[in-house]
Amino acid sequence: MKKRTKTSRRNAFTYALVILAFAILQAMTAAGAISSSLKGMLVPICAYVVMAVSLNLTVGILGELSLGHAGFMSVGAFTGVTAAVALQASVPSAPLRLLIGMVVGAAFAALAGFLIGIPVLRLKGDYLAIVTLAFGEIIKSIFNNLYVGVDSHGFHFSLLSDKTNLAEGGKLIIAGPMGIGGIQKIATFTAGVLLVLVTLFVVFNLVNSRAGRAIMAIRDNRIAAESVGINVTKYKMMAFVVSAALAGAAGTLFAMNYSTIVANKFDFNTSILVLVFVVLGGLGNMLGSIVAAAALTILPEALRQFSDYRMLVYAIVLILVMLTTNNPTLRSYLDRAKAAVTGKRHEKEAA
Amino acid sequence: MFSKLVPIPSGSMIPDRDIDKKPILECIGLGITFGGLKAVEDFNLTIGRTEIAGLIGPNGAGKTTVFNLLTKVYQPTHGTILLDGKDTHGMNTMQVNRAGIARTFQNIRLFGDLSVEDNVKVGMDAQMHYNMWSGIFRLPGFRKEEKTAHERAMELLSIFDMQHLTNAKAGSLPYGAQRRLEIVRALATNPSLLLLDEPAAGMNPSETAELMENIRKIRDTFQIAVLLIEHDMNLVMNICEGICVLNFGRVIAKGSPEDIQSNPAVIEAYLGKQKEA
Amino acid sequence: MTFLNFLINGISLGSIYAIIALGYTMVYGIAKMLNFAHGDVIMVGAYICFYAITRFSLPPLVGVVLAMIVCTMLGIVVERLAYKPLRSAPSLAVLITAIGVSYFLQNAALLLWSSNPKVFPSFFVLESGGAAKTGVELFGGQLKISYVTIVTIAACVVIMLALTWFTGRTRLGKAMRACSEDKGAAQLMGINVNGTISMTFAIGSGLAAIAGVLLCSAYPTLVPTTGSMPGIKAFTAAVFGGIGSIPGALLGGLLLGVIEIFAKAYISTQLSDAVVFAVLIVVLLVKPAGLLGKQIREKV
Numbered sequence: 108m109k110k111r112t113k114t115s116r117r118n119a120f121t122y123a124l125v126i127l128a129f130a131i132l133q134a135m136t137a138a139g140a141i142s143s144s145l146k147g148m149l150v151p152i153c154a155y156v157v158m159a160v161s162l163n164l165t166v167g168i169l170g171e172l173s174l175g176h177a178g179f180m181s182v183g184a185f186t187g188v189t190a191a192v193a194l195q196a197s198v199p200s201a202p203l204r205l206l207i208g209m210v211v212g213a214a215f216a217a218l219a220g221f222l223i224g225i226p227v228l229r230l231k232g233d234y235l236a237i238v239t240l241a242f243g244e245i246i247k248s249i250f251n252n253l254y255v256g257v258d259s260h261g262f263h264f265s266l267l268s269d270k271t272n273l274a275e276g277g278k279l280i281i282a283g284p285m286g287i288g289g290i291q292k293i294a295t296f297t298a299g300v301l302l303v304l305v306t307l308f309v310v311f312n313l314v315n316s317r318a319g320r321a322i323m324a325i326r327d328n329r330i331a332a333e334s335v336g337i338n339v340t341k342y343k344m345m346a347f348v349v350s351a352a353l354a355g356a357a358g359t360l361f362a363m364n365y366s367t368i369v370a371n372k373f374d375f376n377t378s379i380l381v382l383v384f385v386v387l388g389g390l391g392n393m394l395g396s397i398v399a400a401a402a403l404t405i406l407p408e409a410l411r412q413f414s415d416y417r418m419l420v421y422a423i424v425l426i427l428v429m430l431t432t433n434n435p436t437l438r439s440y441l442d443r444a445k446a447a448v449t450g451k452r453h454e455k456e457a458a
Numbered sequence: 044m045f046s047k048l049v050p051i052p053s054g055s056m057i058p059d060r061d062i063d064k065k066p067i068l069e070c071i072g073l074g075i076t077f078g079g080l081k082a083v084e085d086f087n088l089t090i091g092r093t094e095i096a097g098l099i100g101p102n103g104a105g106k107t108t109v110f111n112l113l114t115k116v117y118q119p120t121h122g123t124i125l126l127d128g129k130d131t132h133g134m135n136t137m138q139v140n141r142a143g144i145a146r147t148f149q150n151i152r153l154f155g156d157l158s159v160e161d162n163v164k165v166g167m168d169a170q171m172h173y174n175m176w177s178g179i180f181r182l183p184g185f186r187k188e189e190k191t192a193h194e195r196a197m198e199l200l201s202i203f204d205m206q207h208l209t210n211a212k213a214g215s216l217p218y219g220a221q222r223r224l225e226i227v228r229a230l231a232t233n234p235s236l237l238l239l240d241e242p243a244a245g246m247n248p249s250e251t252a253e254l255m256e257n258i259r260k261i262r263d264t265f266q267i268a269v270l271l272i273e274h275d276m277n278l279v280m281n282i283c284e285g286i287c288v289l290n291f292g293r294v295i296a297k298g299s300p301e302d303i304q305s306n307p308a309v310i311e312a313y314l315g316k317q318k319e320a
Numbered sequence: 002m003t004f005l006n007f008l009i010n011g012i013s014l015g016s017i018y019a020i021i022a023l024g025y026t027m028v029y030g031i032a033k034m035l036n037f038a039h040g041d042v043i044m045v046g047a048y049i050c051f052y053a054i055t056r057f058s059l060p061p062l063v064g065v066v067l068a069m070i071v072c073t074m075l076g077i078v079v080e081r082l083a084y085k086p087l088r089s090a091p092s093l094a095v096l097i098t099a100i101g102v103s104y105f106l107q108n109a110a111l112l113l114w115s116s117n118p119k120v121f122p123s124f125f126v127l128e129s130g131g132a133a134k135t136g137v138e139l140f141g142g143q144l145k146i147s148y149v150t151i152v153t154i155a156a157c158v159v160i161m162l163a164l165t166w167f168t169g170r171t172r173l174g175k176a177m178r179a180c181s182e183d184k185g186a187a188q189l190m191g192i193n194v195n196g197t198i199s200m201t202f203a204i205g206s207g208l209a210a211i212a213g214v215l216l217c218s219a220y221p222t223l224v225p226t227t228g229s230m231p232g233i234k235a236f237t238a239a240v241f242g243g244i245g246s247i248p249g250a251l252l253g254g255l256l257l258g259v260i261e262i263f264a265k266a267y268i269s270t271q272l273s274d275a276v277v278f279a280v281l282i283v284v285l286l287v288k289p290a291g292l293l294g295k296q297i298r299e300k301v
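Chains as they are written, first to last, in this note's numbering: chain A, 108 to 458; chain B, 44 to 320; chain C, 2 to 301.
So here's chain A without its partners, still in its complex pose:
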């Protein structure tokens, strides 16, 4: 059972790290030792961490490249915020409204994940990747042209132009390319960290159960997995839908941190950004995803002193990191160092 304890120790370390980071940042905020720009980034960082961990479930654990993860974030953002706005009068408690919003966002994103998963998961490799990209763009186009209003008769929908014809006292929530405006910023850092912890809980426990084993088995060798009776479609779908649902919740959280949210925020570049977090953090490595998401969200901000050059520096850092981490000589050196460290630990355990 040594391996089990090793994974659970690692998982416990990840939870602890998140809580520790939260405690430190809360303390710093209370002491006023935190810049306002960083303070404004706390909720987006949480949202990106959830995005990265959930995408890692698809890319690292299931082993399928998704280039449209921002699409699910978008679905979650628009549906979750719509729910929260619609409930503004009936649910006075802001945290509860945020929670309902995130649940609604996750549910709709899960539904979108399921519907998209039916065609997507029949494809393989780069073809699968391009179809996720296509769905991401389609979702963006739809929300860019969707009008949703609410009045005493309930919800009204229209596409392309505002034909909702709301009754007196009605409210247009989603206004096509203008997105949703006048959002009450009820997302808090605490809520963000809680969502991160819930995400970690779901992903860690899923991976460490029969479902996770089956999903990784499919990744390692699909034909062998089928030959031992694994229901490949079911498990692929499970991973894809859970990943989409978590991204949906992240979307709601993210949107609730701004007063306006537009569909173009969740485009191909956002999907790619999250993919970069996942690859830099390491496939299947959730702690790595968290660190990469947090670090790379802060990095452009930290590079502010380079002003105009900061995105250029960001790009160079990205390329250099990929080149060095994949350099064969460096790699073997790192592996040897790792072996030396773990080897020592084994000796200690034996003693």
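The set of hints was computed from the structure by calculation and includes no laboratory data. Using N, Cα and C, we set each Cβ at its ideal position, and we do this for glycine too.
Across the chosen pairs, the derived CB separations fall in these ranges:
#: 1; chain 1: A; residue 1: K146; chain 2: B; residue 2: R186; range: 34 to 44 Å
#: 2; chain 1: A; residue 1: K270; chain 2: B; residue 2: G78; range: 47 to 57 Å
#: 3; chain 1: C; residue 1: K85; chain 2: A; residue 2: Y440; range: 12 to 22 Å
#: 4; chain 1: B; residue 1: G214; chain 2: A; residue 2: N434; range: 16 to 26 Å
#: 5; chain 1: A; residue 1: S268; chain 2: B; residue 2: A142; range: 49 to 59 Å
#: 6; chain 1: A; residue 1: F413; chain 2: B; residue 2: A211; range: 45 to 55 Å
#: 7; chain 1: A; residue 1: A282; chain 2: B; residue 2: R186; range: 42 to 52 Å
#: 8; chain 1: A; residue 1: S265; chain 2: B; residue 2: A142; range: 49 to 59 Å
#: 9; chain 1: A; residue 1: Y416; chain 2: C; residue 2: F4; range: 48 to 58 Å
#: 10; chain 1: B; residue 1: E256; chain 2: A; residue 2: F221; range: 46 to 56 Å
#: 11; chain 1: A; residue 1: E408; chain 2: B; residue 2: S201; range: 54 to 64 Å
Below, simulated EDC-like cross-link-like pairs (lysine to aspartate or glutamate); rule was C-alpha separation at most 20 Å, straight line:
#: 12; chain 1: C; residue 1: K300; chain 2: B; residue 2: E241
#: 13; chain 1: B; residue 1: K297; chain 2: B; residue 2: E84
#: 14; chain 1: C; residue 1: K85; chain 2: C; residue 2: D183
#: 15; chain 1: A; residue 1: K113; chain 2: B; residue 2: E189
#: 16; chain 1: C; residue 1: K300; chain 2: A; residue 2: D327
#: 17; chain 1: A; residue 1: K113; chain 2: B; residue 2: D156
Dock chains B and C against chain A, hints included.
Showing chains B and C alone in chain A's frame:
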């Protein structure tokens, strides 16, 4: 849920040829064509409930293709496969496995990044019942089934004395151990017919001898049928009760090891036609 | 007649996509990587041509050749510095590096040439009888075909023919095909694999420069992100036709262009992209390896 292992002392149970009673597998006129090429044609084979049978033939004869047809990796274009009297027509690989056929692969196909124990547990997935939420929230169903699965995996691994390797990554095992792990993983699916594709490939004579013992032990313990593809004639002639010889996609001979060894068609297929003196 | 007009516009746009898609597909065929920076090479080509014509008052043709030379060099340098060290790395690492290169090119362009949109000069103009003509009119003015359209379609045809000849008949072209089949075997047969890959990048990037000039002649606003959306579309076109296949890139590009223009004309301008991508999804469901792609059966 799980059938626990009930080890029967090896040797106490020497099955007679039980083909005629109620065969586990019947192939009738099985065939497949790849773009005009008849890879396997008119393949007929019957295997008894606890028989160890061999499928031999020169390279490229279509042996692995037969395995792929039986497990529906390829859908046969002709013929019928009856597993325990039931037609497997329309089933996919997963369903065939759940119906009772498990296999190993010529080019080893383990789940390389999973541990040895997890590889075996993946094989038990179809017999587990707890759902996703049970797994996420660690409900009693999860705990109970995972505990049983762990015990069963250890038992199965003990067939090949692999208990000490449980936490190793499957992909990092030596070649022989990988082949053995594939057999254990196949057994974990509770099959009634085990297909072994060149189980002794790359093994030295003493490892092969051990493997032969283990194949017999598996048959005796689980009371299942084994069909194996092998180039090691010593192994085939020693443990197979019935042998089927393929050449160019067609069956050229069938019978007991003695029959096959003296069959002129088989000798010709392996050694070529002898020149008239 | 409007239908015919839309069709011609579609073929013209599709020709540009096809030329870009060729770059994607050739690089994919040989290096098995999605070169996300390809779209940005288009933008660089367009800027070079723009400055050659406006700042240095060079003749348009010289501008195009200059753009091709710069882009070819750029392709080779990027391949050497960023992709070659990753030849044996996992494909995702290469993908992320390509994205890094894409960011780099966009931001370098932003610094060098600022984010102010440049209006690309229209040099496909004929002076006839004192009046400048930008196109031909047929059927008494009912059907207008601009010179840009004609040149674009002609360029696409010429490039396709040249590439077909190149890959089919020349030593280098055959080496390219051999490398995309099996790099190891090609190397054992004495083919310089690294050189061949470099050359593929060079050709793809040179084509991107032509595509950039044509794109900006048809849609004259030039900004540092000009290349990204056409890049994604052309990438889609390459997959549509079956990635790795040169005729597939042509077919995919043309179809995508025509579908896009028709969707804009008959369905909705705002939803045209959605329609394009929806068609892609449907096609891939019916033909999972694209229209002309090879379905590879996994050996068990």
